[in-house]
Amino acid sequence: MKIAVLIKQVPGSESALPLNDKQTWVDESSVTYVMNPPDNFALEEALLIQEKVDDVEVVVVSMGPARVQKVIREGLAKGADRGIHLEENEEVETDPLSIAKKFSDVLKEENFDLIFSGLQSDDTGMGQTGVLIGEILGMSTATLAIETKLEKDQIKIKRELESGWFQWVTLPFPASISIQSGLNTPRYPSLKGIMGAKKKEIKSVLQELNTDQSQNIDNIFVPQTSKQTEIIETDADAAVDRIIEILKSEIKVF
Amino acid sequence: MDILVVLEDSQGSLHRLSKEAIVGAQQLGGSIAALAIGDNASEISNVLSSYDISEIITVEDELVSTYNADGYTEVVKQVIEKESPKIIVAGHTYQTRDFMPRVSAHLNIPFIPDIVSLSDKGFVKQVLNAKLNATISSNREQIILSFQSAAFNEENIQSGSCSSRYFDVILDASMIRSTSEKPFQESLGDVDLESAELLVSIGRGIEKEENIPLAFDLAEVLGAEVSASRPVVDSGWVDSFRQVGSSGCNVAPKLYFSLGISGAIQHVVGMKGAKNILAINKDKDAPIFEIADYAVIGDILEIIPKLIESLKNQ
Ligand SMILES: Cc1cc2nc3c(=O)[nH]c(=O)nc-3n(C[C@H](O)[C@H](O)[C@H](O)COP(=O)(O)OP(=O)(O)OC[C@H]3O[C@@H](n4cnc5c(N)ncnc54)[C@H](O)[C@@H]3O)c2cc1C
Ligand SMILES: Nc1ncnc2c1ncn2[C@@H]1O[C@H](COP(=O)(O)O)[C@@H](O)[C@H]1O
Chain X
7 MKIAVLIKQV PGSESALPLN DKQTWVDESS VTYVMNPPDN FALEEALLIQ
57 EKVDDVEVVV VSMGPARVQK VIREGLAKGA DRGIHLEENE EVETDPLSIA
107 KKFSDVLKEE NFDLIFSGLQ SDDTGMGQTG VLIGEILGMS TATLAIETKL
157 EKDQIKIKRE LESGWFQWVT LPFPASISIQ SGLNTPRYPS LKGIMGAKKK
207 EIKSVLQELN TDQSQNIDNI FVPQTSKQTE IIETDADAAV DRIIEILKSE
257 IKVF
Chain V
1285 MDILVVLEDS QGSLHRLSKE AIVGAQQLGG SIAALAIGDN ASEISNVLSS
1335 YDISEIITVE DELVSTYNAD GYTEVVKQVI EKESPKIIVA GHTYQTRDFM
1385 PRVSAHLNIP FIPDIVSLSD KGFVKQVLNA KLNATISSNR EQIILSFQSA
1435 AFNEENIQSG SCSSRYFDVI LDASMIRSTS EKPFQESLGD VDLESAELLV
1485 SIGRGIEKEE NIPLAFDLAE VLGAEVSASR PVVDSGWVDS FRQVGSSGCN
1535 VAPKLYFSLG ISGAIQHVVG MKGAKNILAI NKDKDAPIFE IADYAVIGDI
1585 LEIIPKLIES LKNQ
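First to last, the sequence lines map onto chains X and V. Heads up: the first sequence begins at 7 in our numbering, then just goes up one per residue. Heads up: the second sequence begins at 1285 in our numbering, then just goes up one per residue.
Some hints could be false.
Derived PhoX-like pairs (lysine-lysine); straight-line CA-CA distance at most 25 angstroms [said to hold, decoys possible]: (1) X:Lys209 to X:Lys114; (2) X:Lys233 to X:Lys258; (3) V:Lys1596 to X:Lys258; (4) V:Lys1492 to X:Lys108; (5) V:Lys1492 to V:Lys1568; (6) X:Lys254 to V:Lys1566.
Derived by calculation from the structure, the hints in this document are not laboratory data.
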């Protein structure tokens, strides 16, 4: 069985996010990148299947500039067998349909039984790429899996619905499934894994510049707030005094 | 028609976000049709009869009596193909997340999701963990949009009248590839967060499991309950019934004391009804501060122990 895991490299939640000169995206040179958190859970789920079942190949796939090789290596160090890099040299694609078409072109030949993706990327948050790819490739698709059970020629997943509701859905192979965070505990790479990853293959497929985006990010900006907020920015002791005053005289909790 | 609003059946009634989506559609302007699918389609269309939209289209077929992604995709696809709306809108719900990308892929129509507002240049969406907003536009003739919770206020719905009609779909069982079982609810914990007056809520800023007792100690001196953001639950540091947000509980306490929570929309939808929001975060640009009444910029690991000390001495 072959499983692809789509892992995106995104700015970490504590990264600085200065805008670029054109104000169309952040200035990449001052960003610290991490693996998109839900993708990390998706990868772990694939690795757990690989441990349980014979003959499972796990392939990590990422699209982006050279920097994304870092998350591919991280996936290989955790135990994935090989990597595919859809390499972008010019602009980073943000249009989901264009992204999905590029992935589908590269993944078509591979005939994956399963594609796992994260339910949403932390940077653009489109929440659709895994489903788009699955549909373009004629696979069955599902979103928001928080548990998976492999069966013969099919996979059963527990889907998260709103407000504490859930649902089991059974999908025939091949299937593309987006993974919700929290369904497992992602491992850290071992030292042996990190050493071994250096020898694993990463196939690079150069992507052509696309000039026909179906949707485009024209500019980004800092949101304005409308609420009256009291900002308390002082040393810890003064903050504690003010908090106690607020609790006592303004919110009146005691 | 110019705009097709795809409605959502929330256990027999119209989903709140569907109402908001109608308001969004009214603000976009043009002739609006709303699509109701499934066993409750006629009840739902009754709710809409006093709204200012052109018409309600209902689809009833046993293959889509209740929601399933493949069936819904096919229905929405056939309606779009037949009626050629320029804009297809829906609330950004879990159900929309599930089937709208399929419609987008099948019809090659871009899906711009989770929009927070309209601007004259395009559609505004949060990006980069809600720290920045992006304006998105499309040069296509047809687009699909979904609106974030509270992007529009349902009270602003314009009333009027509308007609309704059935739409015949052609469905057969082979179109439904996956089998969906009945939704169920998981047992809740014994603590009732939804009626708690005071909540101390922990986010990933607590950093590690060893620091969790700090929050429980603070809650104890305040007489508060402890709640948490999703990553804290995902890490197994607190029980899942304590999770606040779109996939956890909705709380509305007198005080929501947020410790190291960034303020992602999926968290905020579960707590923005709190009467007072007091947030500590070391990042002055954290989105939680946009909805906080009191924004303490600082390190929780430094402030909380001192706060507990002082409260004990009161
Ligand atoms: C479909 C879907 C459903 C979801 N459902 C939910 C849900 O129900 N509930 C939920 O909470 N989330 C949910 N999420 C996840 C949500 O998008 C966010 O990822 C999550 O809320 C972030 O949690 P956090 O704020 O604790 O962590 P982070 O975003 O990592 O933020 C941590 C914050 O702590 C601050 N910090 C770090 N160290 C310190 C310190 N020492 N002192 C002070 N501050 C510090 C940082 O500045 C940062 O702002 C869902 C996501 C999706 C896509
Ligand atoms: N450039 C990319 N490289 C690798 N995976 C991606 C990329 N873009 C999207 N994905 C995958 O698709 C998921 C959903 O992304 P999105 O639709 O952008 O929210 C992510 O969690 C990844 O698993």
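Here is how each hint holds up against the structure:
1. X:Lys209 to X:Lys114: holds (15 angstroms)
2. X:Lys233 to X:Lys258: Distance ~21 angstroms between X:Lys233 and X:Lys258 Cα, so the pair holds.
3. V:Lys1596 to X:Lys258: holds (17 angstroms)
4. V:Lys1492 to X:Lys108: violated (39 angstroms)
5. V:Lys1492 to V:Lys1568: This hinted pair holds, its Cα atoms lying about 22 angstroms apart.
6. X:Lys254 to V:Lys1566: Holds: X:Lys254 and V:Lys1566 sit about 24 angstroms apart, inside 25 angstroms.
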